[in-house]
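Asks: Here's the letter readout for the chains.
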Amino acid sequence: QKEVEQNSGPLSVPEGAIASLNCTYSDRVSQSFFWYRQYSGKSPELIMSIYSNGDKEDGRFTAQLNKASQYVSLLIRDSQPSDSATYLCAVGGGGGADGLTFGKGTHLIIQP
Amino acid sequence: DVKVTQSSRYLVKRTGEKVFLECVQDMDHENMFWYRQDPGLGLRLIYFSYDVKMKEKGDIPEGYSVSREKKERFSLILESASTNQTSMYLCASSLGANTEAFFGQGTRLTVV
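Chains as they are written, first to last, in the working numbering: chain A, 1 to 112; chain B, 1 to 112.
None of these hints come from the bench; they were simulated from the model. Keep in mind that a hint or two might mislead.
[What the hints assert, rightly or not] Derived pair list, reagent style DSSO-like, types lysine-lysine, alpha-carbon separation capped at 30 angstroms: (1) A:42 to B:13; (2) B:18 to B:57; (3) A:104 to B:55; (4) A:2 to A:56; (5) B:3 to A:42; (6) B:55 to A:42; (7) B:71 to A:42; (8) B:18 to B:70; (9) A:42 to A:104; (10) A:104 to B:3; (11) B:3 to A:56; (12) A:2 to B:3; (13) A:42 to B:18; (14) B:18 to B:3; (15) A:56 to A:67; (16) B:57 to B:3; (17) A:42 to B:57; (18) A:42 to A:56; (19) B:55 to B:3; (20) A:104 to B:13.
[What the hints assert, rightly or not] Cβ-Cβ distance ranges computed for the label pairs, FRET-style: (21) A:78 to B:20: 39 to 49 angstroms; (22) B:1 to A:2: 20 to 30 angstroms; (23) B:13 to A:14: 35 to 45 angstroms; (24) B:17 to A:7: 31 to 41 angstroms; (25) A:54 to B:108: 37 to 47 angstroms; (26) A:111 to B:77: 40 to 50 angstroms.
[Unchecked claim] Computed footprint of chain A on chain B; a stretch qualifies when at least three of its residues, placed anywhere within it, have a C-beta under 8 angstroms from a C-beta of chain A: (27) 32 to 45; (28) 88 to 94.
Ideal placement from N, C-alpha and C gives every residue a C-beta, glycine not left out.
Please put together the full structure from these sequences, using the hints given.
Replies: This is the structure we're talking about:
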């Protein structure tokens, strides 16, 4: 059974600080990794994808991948109140046809 | 931009009714998925399809069926709605089984 684990939170971060969200996964052969943002009552929106070890930056967002430790993280710099949402980690590439495996999400609160 | 459209944003149905949830994607994606999302339980895969007329059970298929007669359309059917099927239903599509998935806006279904 493929598993993706996230701390459910809430994670409270002051406005302007760096928010750090973490995710671990169980399937060692996983090849693709994604972060989704989900506002309350809305559907998940893709914000980052990463496929190789290291860092990938896009604006205020940085995704970090360490396949040896089976660990993915998302850093949000200069956090804004609009970043308050639930962040879902998703993992793919374990060989099945059933799509990505999602974590249950971390609830992030940015305090003004 | 990929667009995944679900037929209804909110639905209220009575116990025992047959319910149809429709999903259409416009990016010629091979793979389509139906999830339900409940507080504390995360996204749970109901059914998925990797080709026209092909369908596979996900983790919680009981009480549901699906239809994929055309590549762009994937329908979820609740054969006899029950109150425990009250949930947010999310449709997604992806080019490959383990590539990024794009979600529709979600259908909030209430069964009374």
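Asks: All hints, please: hold or fail.
Replies: Okay, the hints, checked on the actual structure:
Between residue 42 (chain A) and residue 13 (chain B) the alpha-carbon distance is near 21 angstroms, which keeps this suggested pair within the 30 angstroms criterion. For the given pair, residue 18 (chain B) sits about 19 angstroms from residue 57 (chain B) by alpha-carbon distance, which is consistent with the 30 angstroms threshold. For a cut-off of 30 angstroms, the pair hint linking residue 104 (chain A) to residue 55 (chain B) stands: about 25 angstroms separates their Cα positions. Restraint check: the Cα-Cα separation between residue 2 (chain A) and residue 56 (chain A) comes to about 24 angstroms, which is no more than 30 angstroms; the hinted pair holds.
At roughly 15 angstroms between alpha-carbon atoms, residue 3 (chain B) and residue 42 (chain A) fall within 30 angstroms of each other, so this suggested pair holds. Taking the CA atoms of residue 55 (chain B) and residue 42 (chain A), the gap is about 26 angstroms. The hint holds against a cut of 30 angstroms. Under the criterion of a C-alpha separation no larger than 30 angstroms, the hint pairing residue 71 (chain B) with residue 42 (chain A) is consistent with the structure, at around 25 angstroms. Taking the CA atoms of residue 18 (chain B) and residue 70 (chain B), the gap is about 21 angstroms. The hint holds against a cut of 30 angstroms.
For a cut-off of 30 angstroms, the pair hint linking residue 42 (chain A) to residue 104 (chain A) stands: about 15 angstroms separates their Cα positions. Of the supplied pair hints, the one linking residue 104 (chain A) and residue 3 (chain B) holds, its CA atoms being roughly 24 angstroms apart against a limit of 30 angstroms. Simply put, residue 3 (chain B) and residue 56 (chain A) have alpha-carbon atoms about 25 angstroms apart, close enough for the 30 angstroms limit, and the pair holds. Taken as a hint, the residue 2 (chain A) and residue 3 (chain B) pair is honoured in the structure, with Cα atoms around 28 angstroms apart against an allowance of 30 angstroms.
Pair hint residue 42 (chain A) plus residue 18 (chain B) holds up; C-alpha atoms about 25 angstroms apart against a cutoff of 30 angstroms. Restraint check for residue 18 (chain B) and residue 3 (chain B): the C-alpha separation of about 27 angstroms stays at or below 30 angstroms, so the hint holds. Taken as a hint, the residue 56 (chain A) and residue 67 (chain A) pair is honoured in the structure, with Cα atoms around 14 angstroms apart against an allowance of 30 angstroms. Annotation: proposed proximity of residue 57 (chain B) to residue 3 (chain B) holds, straight-line Cα distance about 24 angstroms (limit 30 angstroms).
Proposed proximity of residue 42 (chain A) and residue 57 (chain B) is supported: the alpha carbons are some 25 angstroms apart, at most 30 angstroms. Distance hint between residue 42 (chain A) and residue 56 (chain A) is fulfilled; the C-alpha atoms sit about 26 angstroms from each other, no more than 30 angstroms. Distance restraint check for residue 55 (chain B) and residue 3 (chain B): the Cα-Cα separation of roughly 21 angstroms lies within the 30 angstroms cut-off, and the hinted pair is therefore satisfied. Taken as a hint, the residue 104 (chain A) and residue 13 (chain B) pair is honoured in the structure, with Cα atoms around 27 angstroms apart against an allowance of 30 angstroms.
Checked against the given bound of 39 to 49 angstroms, the beta carbons of residue 78 (chain A) and residue 20 (chain B), roughly 45 angstroms apart, stay inside it. Range check, residue 1 (chain B) to residue 2 (chain A): about 29 angstroms between beta-carbon atoms, so the 20 to 30 angstroms window is met. Between residue 13 (chain B) and residue 14 (chain A) the Cβ separation comes to about 44 angstroms, which falls inside the hinted range of 35 to 45 angstroms. A beta carbon spacing of about 39 angstroms between residue 17 (chain B) and residue 7 (chain A) agrees with the range 31 to 41 angstroms that was offered as a hint.
Against the hinted window of 37 to 47 angstroms, the Cβ-Cβ separation of residue 54 (chain A) and residue 108 (chain B) comes to about 39 angstroms, which satisfies the hint. Checking the proposed 40 to 50 angstroms range against residue 111 (chain A) and residue 77 (chain B) shows it holds: the Cβ atoms sit about 44 angstroms from each other. Coverage of the region 32 to 45 of chain B by chain A holds [criterion: at least 3 residues with CB-CB distance below 8 angstroms; count 6]. Look at the region 88 to 94 of chain B against chain A: 3 of its residues bring a Cβ nearer than 8 angstroms to a Cβ of that chain, three or more, so the hint holds.
Of the hints listed earlier, there is not a single one the structure fails to meet.
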